[in-house]
Structures are given as structure tokens and as C-alpha cells.
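Visitor: The lines below spell out each chain.
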Amino acid sequence: MNETKNDLLQLPNLERQPFEPRALKSILLSSITVICAILACVPLFSVLVMLIYRGGSRINFELFTDLPPIAFQPVGGGISNAIIGTLFMVGIAALITVPFGVLAAIYLAELGPHSKIAAVARFSAKTMSGLPSIIAGVFAYAIMVITMGGYSAWAGGVALAILMLPTILLTAEETIKMVPKRMKEAAFGMGCTPSQSMTKVILPVALPGIITGVVLAVARAAGETAPLLFTAIFSEYALEPNDPTASLAVLIYNYSNSTSENQLELAWAASLVLVVLVFILNMVSRWIGSRTRN
Amino acid sequence: MAAENREEGILNHKETLAAPPTTVDKTFDKCFRTLTLVFTWATVLLLAFIVFRIGGQALPALKEHGLSLLFSSDWDANNNRFGFWPQIWGTLYSSFLALVLGGFFGITIAIFLTQDFLPHKLEVILKNIVELLAAIPSVVYGLWGIYVLIPILQPVADKLHSSFGWFPLFSTSFSGFGMFSAALVLSIMILPTIAAISQDALRAVPYKTKEAAFGMGATRWEAILRVILPTASGGISGALVLGLGRALGETMALAMLVGNSATVSLSIFSPATTLAALLALNFPEADLNQTGVLMYAACTLLLITLVVNMLGTLIISATSMKGDER
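Quick mapping for you: the protein sequence lines, in order, are chains A and B.
To get our numbering, take the position in the first sequence, counting from 1, and add 786.
To get our numbering, take the position in the second sequence, counting from 1, and add 88.
Keep in mind the hints are simulated off the structure, nothing from the lab.
Worth double-checking, as some hints may not be accurate.
Unchecked claim - Calculated Cβ distances over 12 Å to all of chain B for the following chain A residues: (1) Leu873; (2) Ala891; (3) Glu896; (4) Val1036; (5) Ile1038; (6) Met1069.
Unchecked claim - Here are the computed lysine-lysine pairs in the DSSO-like style, where the Cα-Cα straight-line distance is at most 30 Å: (7) B/Lys151 / A/Lys967; (8) A/Lys912 / A/Lys967; (9) A/Lys912 / B/Lys215.
Claimed, not checked - Which stretches of chain B does chain A cover? Using the computed rule of at least three CB atoms under 8 Å from a CB of chain A, they are: (10) 109-117; (11) 162-170; (12) 256-262; (13) 291-300; (14) 353-361.
Cβ atoms here follow ideal geometry from the backbone N, Cα and C, with glycine treated the same way.
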């Protein structure tokens, strides 16, 4: 009885058929995807393992206090000037970009979000975020090194600032936009001027998000090499802001092809320090970000 | 003045919090608003100034050498003959190879992370791992490439060259530094960008579209390939274009791995060079005459990346607007 009915209506077979070609194809594609995902994790772990394996042996007190070895000094030496140089230049860049980016973001998010200039500024910031880092170096070379007559930490800081600005600006704009509208309206209802509502209500609420953006930008800038190659270049001496300045990234680059085993070891150790620094900054920004969302 | 006095008469400040903004408040407000507007303008002007300044420095070289520089492959600083063709070729070819590889992996991972393959916790872990890939500085990738990746690739490349040497992609022997290792590292570096933006695009596909496909009896991959990917194609192509933009501008990993020889070859084992690597290696030692030519190279790179990035931004904003209408 049932069979004849099925024949009459020509119902398809609705049972699951695991060995049908299209089911097999689905399984095949799924396994390829899993393999791809695993393969993509390999480089990260390989980098981390190699950094610890080759750089870990040099992590000691000396590394953080001594200057780099001179020429072919076979043992010893540290990267203290590079660590200080990186922090100094990133600090300059942050001092320039934080007020710049946050104030522009306030205009973009609050004061004139739909104005023409806001649309153009947003577009420029997005375009600048894709600017090749070496171009920032070339620009800083053209405006700082040529006019000041020499390589300096200041020029390096300006080059990094150009790279940090778009990140800070765009994340600050996003977070300021996310502040609930009723808080702004409550501030206005109390008779605040727009700038009072901004500095006393909106900015404090948006602060964690803004800090997240700043920390991310700092993490990115700390690892940049190309913009420093011909603005701050490198030095084997302690920090002197008006002279060439060492940084972790350029130290790694300069020592990466060194024939001196000692310098090569330092390059690995510096990479480990740099990656740990960058990862910590990333974690901090994530932690602040997740705390505010709750 | 008279009006203020009268207001003070009506509202006694000691008894009520309500007070009209004082002159200081008003001045502060005005200054603050002007300041934000100034910095907004400054953002626009900064980009214009970057283009203007680099363009201005490149102008003498452009006048002297003309556009033929872009397609010539001579480089003889002593005789004042320059050509960027090998660099332009290297930039485009390495980015293209990285885009093919990084794009494939990036989109696959985006699918893996968005289409309920994994329990939520594992998804978050994998997502963080992929994002951390982007956090590693490029110079560290360069170091890793020289001492870890190249020794692994060498036997593979030798085998491919000896067995398939007739095929143009494998036609030269591999000396370690070359397009193959550089493009591989480059693809690792652009993978997170592509994966992150593609994930956004895939998440934006309306749930009912997906359910409709499953309701019609599609298998998981039929739904992904025929319904979800085409719906998200706008955002994914934007992701690919932005990934391309990153690959074109990447400097250090390439300068360390690509071999820096002005060769134009289809072979992925041949050493090559890129515009960014040219700048990184020659700028510190350039004399005044050469600086102009290098600025010209910087200008070329700037224009290529600006066009690619603007295109990517426009594609993404156009598709997300279409998504809002839906």
C-alpha cells in the first residue's frame, strides 16, 4: 500500500545517504578546510618555538642593561639602547597622535558626523591606514631628516606617528559613536555645552575603547622597521635624541645577516623581547576591550 | 551685561544648580569645537601633504627621465640610467602569488570560523591565533624566514625544479632567497587581514538565506558554495583587494627574503626585488641625484597602493550599504 503511494507521488528518497557523491564531496571539502586551518596555525607556533629556542638562551640581566657588542666581539653585549630607543620613539609618536586622533575622532563621531569634511577625513584616514610603512619613512625623511640635517629619534617618532594616526582615529570614532545616545541627551538636558558633555560624559565612557585603540597602534608601531630605516637608522650607543637612534626592529634587521654568531644570537633574543612586548600589548588591549563590553 | 544681571537676580546661584553657561564655558566650547575641526582638517591635509611632498621630491626625476623609467630595466647609478621595471614586476608578482595563497587560506579559515564547524570556544581560540599572526612584526618573520623556512623549502624546491623544470614557474634553480620564500611569508602576513574582513562579510549573510538553502536539502558545502559565498562575495572581494594592498606595501620581510636582484622571471624560484625593498636598501646610501629617483619609485609605490586601497574601501562600503537595504 505504502509502496504504491510512493510510486504514484514519486517522492524522492528522504533518508540520509552518507555515500552519495554530494555527501562525499561535502565531507571532502570539510576535511580540506580543517587541514587548512591547522596549517595556518603552524607558522605562529613555529615562530614562537624558534624564538624561545634560539633567543631564550640570551635572556638574562645583561641583555637589558648592556650596549650592543662592538663589531666582532665574540661574547656578551645587550640591547638596552634598542629597547630604550623603541620605547622613546613610540612614546613620541603616541604623544603626537593621541590628542590629534582623539580630537579629530570627536568631530567625526559627534560634532559633524554627516558633514562633507567628516566624510573626506574618514576616507583619508582609511586610505592612510593602508599606506605602506616605508612611505611613512620616506615622508619623514623628506620633512624631518632633510630639514634638520641628520637622522634623529624625532624623525623616527614622526614616521611612526603617521602609521599610528589612522588606527587611533578610526577606533576612537567607533567607540565614541557607541556611547548610548541617552547619556548625551541627559548631559544636554542638564544644560551642558557640547564640549562639556564631551569632556565630562562621553569621553570618560568611551575611554577604555580609546585606550584599546591606542595600545593596538603602539603594538603595531613598536614592530615597524621600514619607517625607521632611514629616519632613526641605528646606533651602538646610548639614546641621544638628536642623533641616530637604535630600535629593536632595526637591530634585528641589521644583525639578521651578520656573520658574527654573537650578533645573530642577539637578533633572536631581540625578536623574542619584541614579540613578547607586542603580545603583551595585544593582550592588554583585548582585556580592556572585553572588560568594557561586559 | 544688563541681561546677565537680571538673570542673576531671578536665579540665586546659592540655591540652585541651574545656571546659564558662563563666558568661560562658552569660550571653552568654541575653542574645543574649533580644535576638533582643525584636527579633522589636519587629517585630510596630512594625506594631501604626504602625496604632495613625495610627489614634489620626485618631480625633478620625473622631468628628467620621463615615464620610460617605469618600463626600463637598466640600473646604472654611475651613468645616471635608472629603471624600475624589475622592481614593479617583483612587487606585482610577489603580491599576486601571496594573494592567491593567502586568499585561499584566508577565505577557507573565514568559512571554517563562521559556518558552525567548531564549538564556540575553539572558534574563539582559532580566531585569536589567526589575529596573533598579524601581530608578529614583519622583521621577525624575515628572520624566521631566513633561518627556518628557507632550509625547509630548499629540498622541496630542488625536487620541483629537477622534476618539473620545463614548467615556467619552476624553470630556475632555487638558492634560498627568492620569490618562493618571500611570497610564502607574505601570504602568512596578509592571511589575517583577509580572514578578518571575510569573516565580517560571511557573518553579515542573513540567517534566513542560509536556512532557505538548508531547507531545500542542500548539503553544508552546497549551501556554502552556491548560496553563502555568492551572497558575501562583495565583502570578500573587498577583503582580497585590501589584502593585496597590504602585500604591495610590505617591506621588511621581502627585503630580507626576496634576494634583491633585478631579475624579471616567471619562475617562482628566481631571486627578485620589489619597489619597497629598493627603497629600504638604497635610501640610506643614496646621493642627492639618486634620492630623486628613489622618490620617484616611492611615488609609484604610493600611487599603486593608494589606488588599490581606495578600491578596496569603496567595494566594502558599497556592499555594506547594499546589505543595509536588504
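Visitor: Each hint: holds or not?
Guide: Hints versus structure:
The claim that A/Leu873 is not at the interface with chain B holds, since no C-beta of that chain comes within 12 Å of its own (minimum 15 Å). Against chain B, the non-interface label of A/Ala891 is violated: not every CB pair exceeds 12 Å, the least being about 9 Å. Residue-level check failed: A/Glu896 sits 8 Å from the nearest beta carbon of chain B, not beyond 12 Å. For A/Val1036, the non-interface assignment is contradicted: its Cβ lies about 8 Å from the closest Cβ of chain B, within the 12 Å cut-off.
Annotated as non-interface, A/Ile1038 brings its C-beta within 12 Å of a C-beta of chain B; the closest such distance is 5 Å. Here A/Met1069 does not stay apart from chain B, with its beta-carbon only about 10 Å from theirs, under the 12 Å limit. Only pairs whose Cα atoms come within 30 Å are accepted, and B/Lys151 paired with A/Lys967 is rejected, the gap being roughly 55 Å. Among the hinted pairs, A/Lys912 with A/Lys967 is consistent with the structure: their alpha-carbon atoms are about 25 Å apart, no more than 30 Å.
Restraint check for A/Lys912 and B/Lys215: satisfied, since their Cα atoms lie roughly 24 Å apart, inside the 30 Å limit. Note: the segment 109-117 of chain B has 5 residues with beta-carbon separation from chain A under 8 Å; the three-residue rule is met and the coverage holds. Remark: the segment 162-170 of chain B is not confirmed as covered by chain A, as 0 of its residues place a Cβ nearer than 8 Å to a Cβ of that chain, below the required three. With 0 residues bearing a CB less than 8 Å from a CB of chain A, the segment 256-262 of chain B misses the requirement of three and the coverage assertion fails.
Note: the segment 291-300 of chain B has 0 residues with beta-carbon separation from chain A under 8 Å; the three-residue rule is not met and the coverage is violated. With a threshold of 8 Å between beta carbons, the proposed coverage of the segment 353-361 of chain B by chain A is violated, since 0 of its residues qualify and at least three are required.
Hints 2, 3, 4, 5, 6, 7, 11, 12, 13 and 14 from the earlier list are contradicted by this structure; the remaining hints agree with it.
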